[in-house]
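> Each chain is listed here by its residues.
Number of protein chains: 2
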Amino acid sequence: MPKKVDHEKRKIIIAEATWKIIVEEGIEQATVRNIAHAADLSVGALRHYFTTQSELLLYSMQLVSDRVRERMASQQYDGPPLQVMEEVLFEFIPLDKDRKIEMEVWLSFSARSLVDPDLMQLNQKVYHDLRRVIIAVIDHLISLQFVPDQFAAEIETERLYALIDGLAIHHLLQPDSLSKEMMTSVIQHHLKSLCKQEVLDK
Amino acid sequence: MPKKVDHEKRKIIIAEATWKIIVEEGIEQATVRNIAHAADLSVGALRHYFTTQSELLLYSMQLVSDRVRERMASQQYDGPPLQVMEEVLFEFIPLDKDRKIEMEVWLSFSARSLVDPDLMQLNQKVYHDLRRVIIAVIDHLISLQFVPDQFAAEIETERLYALIDGLAIHHLLQPDSLSKEMMTSVIQHHLKSLCKQEVLDK
Numbered sequence: 003m004p005k006k007v008d009h010e011k012r013k014i015i016i017a018e019a020t021w022k023i024i025v026e027e028g029i030e031q032a033t034v035r036n037i038a039h040a041a042d043l044s045v046g047a048l049r050h051y052f053t054t055q056s057e058l059l060l061y062s063m064q065l066v067s068d069r070v071r072e073r074m075a076s077q078q079y080d081g082p083p084l085q086v087m088e089e090v091l092f093e094f095i096p097l098d099k100d101r102k103i104e105m106e107v108w109l110s111f112s113a114r115s116l117v118d119p120d121l122m123q124l125n126q127k128v129y130h131d132l133r134r135v136i137i138a139v140i141d142h143l144i145s146l147q148f149v150p151d152q153f154a155a156e157i158e159t160e161r162l163y164a165l166i167d168g169l170a171i172h173h174l175l176q177p178d179s180l181s182k183e184m185m186t187s188v189i190q191h192h193l194k195s196l197c198k199q200e201v202l203d204k
Numbered sequence: 003m004p005k006k007v008d009h010e011k012r013k014i015i016i017a018e019a020t021w022k023i024i025v026e027e028g029i030e031q032a033t034v035r036n037i038a039h040a041a042d043l044s045v046g047a048l049r050h051y052f053t054t055q056s057e058l059l060l061y062s063m064q065l066v067s068d069r070v071r072e073r074m075a076s077q078q079y080d081g082p083p084l085q086v087m088e089e090v091l092f093e094f095i096p097l098d099k100d101r102k103i104e105m106e107v108w109l110s111f112s113a114r115s116l117v118d119p120d121l122m123q124l125n126q127k128v129y130h131d132l133r134r135v136i137i138a139v140i141d142h143l144i145s146l147q148f149v150p151d152q153f154a155a156e157i158e159t160e161r162l163y164a165l166i167d168g169l170a171i172h173h174l175l176q177p178d179s180l181s182k183e184m185m186t187s188v189i190q191h192h193l194k195s196l197c198k199q200e201v202l203d204k
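First to last, the sequence lines map onto chains A and B. One gets the working numbering by counting positions in the first sequence from 1 and adding 2 to each. One gets the working numbering by counting positions in the second sequence from 1 and adding 2 to each.
Hint data in this document are derived by calculation from the structure and do not stem from the laboratory. Glycine included, every Cβ here is placed at the ideal spot set by N, Cα and C. Please note that a few of the clues may not be correct.
[Stated by the list, open to error] For lysine-lysine, the following DSS-like pairs were computed, each having C-alpha atoms within a straight-line distance of at most 30 angstroms:
1. B/K194 - A/K198
2. B/K182 - A/K198
3. B/K102 - A/K102
4. A/K204 - B/K194
5. A/K22 - B/K127
6. B/K204 - A/K194
7. B/K127 - A/K99
8. A/K204 - B/K198
9. A/K127 - B/K22
10. B/K182 - A/K127
[Unchecked claim] Away from chain A, derived, C-beta distances all over 10 angstroms, residues of chain B:
11. A41
12. G46
13. Y61
14. P82
15. R161
Kindly generate the complete structure, drawing on both the sequences and the hints.
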């Protein structure tokens, strides 16, 4: 079914054109007209794929979320458990061009979602999708018996999630103030602080 | 000099009208025309105070930052040190209407600042102004001798700042997923985790 593939491909091209406009000019420039122009389509052709601007923005944000999860799933993580967890958590941090674009798009969508209920609903889905990665890290620490007996899993999940998103946003907005080295130190220190002393002594 | 006072008052009214539009309709609706209308002014009269939209947005964001710092400075903090620190840190969290508006405006400005160098520069100033509050909390913990000898002040500053901003953003975007009670537990737990055991045993 080559027709179907082309259809999906075209939608991805349109979504990527939307990202480009958001990153370079701001979300307020992401109009149907501007996006059609950037994707080399007529407004009519674009409307064939997305009837409304809201539908288009939703698809574009969904694609960001899918890409992040695909990248996390395809990654080959090797090494000691704490190092692997550190690498997984660094997938949230906008260190390279792709992750920076994704995070800029996410920030623009988040701001916009405050006044757009449809986007807010999707934002909620993305929030919980990414939270699942954090839960997996915490669960892994527990199953490895790295954490003390009185470990508060729910509190530690929210603490780690807020910490990682906070670092990601600080680094996106102030890359010169919060270096990669400092973020590495913070994440390593935090993961160690969750572990029992005997695990660290090994 | 009543003339001067009126001038400043008018600028504040315009900035607050700008916030209202950003919160209710999104930053892309914060045009000079719409803001003039919301502030009950002609476009010409508004241009008397702010020549460009960028100037107007800068002033509006600066006012958010000033309000946050004024509120922190005017607060009467009483009680045990850890409880006072918890209260200071909660000033960052959008729990009431004022803080929610400030944070929504901040998020919209932050997204916009990615494509506007003037806003980015102001954003950097706000980042460092608020970081100073975090430094004060960490310094206070040190001067009280609550922390262990091998305390890494710089890492702990970035960790606490990222944690608090992460909680604030999560609560702003997902108030139903991250309750006030959970944030209280996270912040209390984090502050305690920075202290020596003997301080907690007291």
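> Compare the structure with the hints numbered earlier in the document and write down the numbers of the violated ones, lowest to highest.
15
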